[in-house]
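*Asks:* One-letter residues, chain by chain:
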Amino acid sequence: MRAIEAPVPTRTVSFGTAAVDAALPWGGLPLGCLHEVTAPAGDAGSAVGFAAALAARLQADAESAAGDILWCLRSDTEHETGALYAPGLRSFGLAPERVLLVRANATAQVLWAMEEGLRTGGLTAVVGEIEAGARGVDVSATRRLQLAAEARGVTVLLVIPHASAVSGAVTRWHVSSRGGERDGLAHRTGRPLSPRGDLAPRWQVELTRCRGGAPASWELEWNHATADFSVVAGLRDRSVEPRHRLAQAAG
Amino acid sequence: MPAYATDRLSRGTGWRKRRVKPFVTTAACAGGLRIAAVNLHAAEAGILPGMPLADARALAPGLEVAAADPLGDAEHLTKLAAWCSCFTPWTAPESAGSGPDGAGLWLDATGCAHLFGGEAALLQELLARVQRQGFAARAAVADTAGTAWALARFAAGAHCVVVPEGGAKAALAPLPIASLRLPPATIEGLATLGLRRIGDLLEMPRAPLVARFGAAVIDRLDRALGHTREALSPLVEDVPHRERLGLAEPIGTRPDIEAALAHLLMDLCARLAREHVGARRLDFTLFRVDGEVAHVCIGTSRPVREPKHLARLFAEHLGTLDLGEGIEVLTLTAETIESLPSDQLEMPGPGLAHALASAGVNDLVDRLTNRLGSDAVVRLEERESHVPERAGVAVPAARPSLPSAPPRSPPSAPPSAQFPPPPGRGARPLRLFPSPLPIEAVAPVPDGPPVMFRWRRVMHRVARAEGPERVAPEWWRASLPGAVLDAPWAQTTRDYYRVEDDAGRRFWVYREGLYPLSRGAPAADGGSATSLPPAAMPRWFVHGLFP
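Chains as they are written, first to last, in the numbering used here: chain A, 1 to 251; chain B, 1 to 547.
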């Protein structure tokens, strides 16, 4: 039990911002384990974006960057959320030629492909997208992924809209889109989306589960030119805002 | 096989009657049903092919009758020829109608006989196996196809005849003229002259024979004796990289098949390594006791000669095999090979780590592709184009084998880095819809981003927008051969906007086409999009999602 609970000293990758790294007991995102990324209904895009950003961090990390990234999803989700797009990946900071994409027909095949990938050495990360309402992704499936990830030292990012309460994952992140600056003029159409011209994505990132750590929340901005996160100024050290108030502020 | 057609229809447990009683097949001819083929018992009763069915019934009261099925016969004969390729790679079914009755198979045993302990042993085993499948059969080995054909059918006594090299003349001499594959009229004509055996013909002067009966007689004789060449087309081409495993007892369980496969892979890979090649496509063929042949084919993304890796790829498919009553012969063929230099041990370092990693990924691609299909395992590539649909494509990770495959570029210089995004190109979405999805949008004219839009029955109010970025069709492609002119991106100009709704979600939307400004009247009406006639309303689409 102690082995499970205590944070083992392990290799990590930094978020590029000290605030997030400090909140994690490992001092960064631990490699070689399973991380879940969840999203509110209808906003799966931000969870995928966050996973892609983490993958780009892993790719930028010199130690783990030797291999490719295996990205597994169900082919029919392409009509729902769009297909991965190579120029978009590159402008996001992720090299598309280092991504191996698996378009399976069933969730079971997605999980199988992920496990096959984990059994192979030489991958930097395995990303799996599970669509909403998928069956068969239970605690034993996540536990298997976690064990396989540990055995090979490959990091697994599982994008899953509704994660089960019990899971084998080491961390779980809840990501929702925040959009640009809130300055009271948000509804005026025509204001530039990205004043600096870089269209940096912004997310409200909540660390909802962390083995050996405490939940936390930040508003993070992803800078794809430097491939790192930064905490949005003005929100640092603020308490977690209840979600309904966020919604009020937005709507 | 003298009674091939009837034997084929009397195999199996339900047809014992057909095997022990006179049995014939019939074909509808002018004047009623006539006998097409007879079995041994029917022949003993005096029934001949071509006889009316009524006469045959009179000769043998308990006659079993079935309709003749020439197409089925030919199909099964081809199958049988394929099955015989467990003896030699060169097999062919005898073309229909070349013999008086029955059917035959050609096998070229050149260079194969020693594998079975000589030609006689090969014939014994062949006959035993064919007979086990329910066919009475006779066989002969000779220098020429014509001699073998004649001896297999007309040699007295023995079921299997081996003619030593150069012994064709002596072996043919006592045989009847009919064994020369001549038309019946010619045989009768020769018989009236008293020429009944091939030996009689051999002593005749050739010129009068040609004058009387045409060149066919001499031609056939020369073919049988090997003076003229005879061409036969084999069923399959010879494939050099093949390993074969014959079993004394049929096997039928998966572990046994896997053990046999491992044995074959070991031999084949050792040979591939000697020749510095690797296999791209392999065919594992299992010959069943009952004459069926099962194939398992796998493909790899690069030349491979690693037995363990190949065994894993085959293991995916072995579970679905129908093993029937057991497997008696297995062959493994490398159908496509490519050069693969010998493995070289590298110095430890980052280079070795990368080599190991890429080898692991290639193995993974093979495993995934064999299970999910080559369309399911892809790599994303960028192309030099400003049209979004054309700028990013997915190509199968397991590339099709090319005669001269370009070497993979090292990872430090990815090929796509040759196409940096052009200056002025805006951000591209992480996810792009395969086909743009129509939305209902309200937008000011001209050239304004949408104020609000409805997509998937949800209304989105646009909080921020950026654009437009105009993407025009690639007009220079219209003149190229194979240009796709009916695709939506090939026809209209698009104005792309990046918009963010009030919940912070970001979309990539575009307006198709331009506002019809030349008419002037709608724009003067007050500048609102709603005043345009519906037909002229530009359509809006959402094409991608930003994270």
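Since the hints were made in silico from the structure, they are not lab data. Check before you lean on any hint, since a few could be wrong.
[What the hints assert, rightly or not] If we take Cβ atoms under 10 Å as the criterion, some of the chain B residues that face chain A in the derived model are:
no., residue
1, LEU115
2, LEU432
3, PRO434
For glycine and all other residues, C-beta sits at the position ideal for the given N, C-alpha and C.
*Asks:* It remains to establish, for every hint, whether it holds in the given structure.
*Replies:* Here's how the hints hold up against the structure:
no.	hint	in the structure
1	LEU115	violated (39 Å)
2	LEU432	holds (4 Å)
3	PRO434	holds (6 Å)
The structure is inconsistent with hint 1 alone, although it conforms to all the rest.
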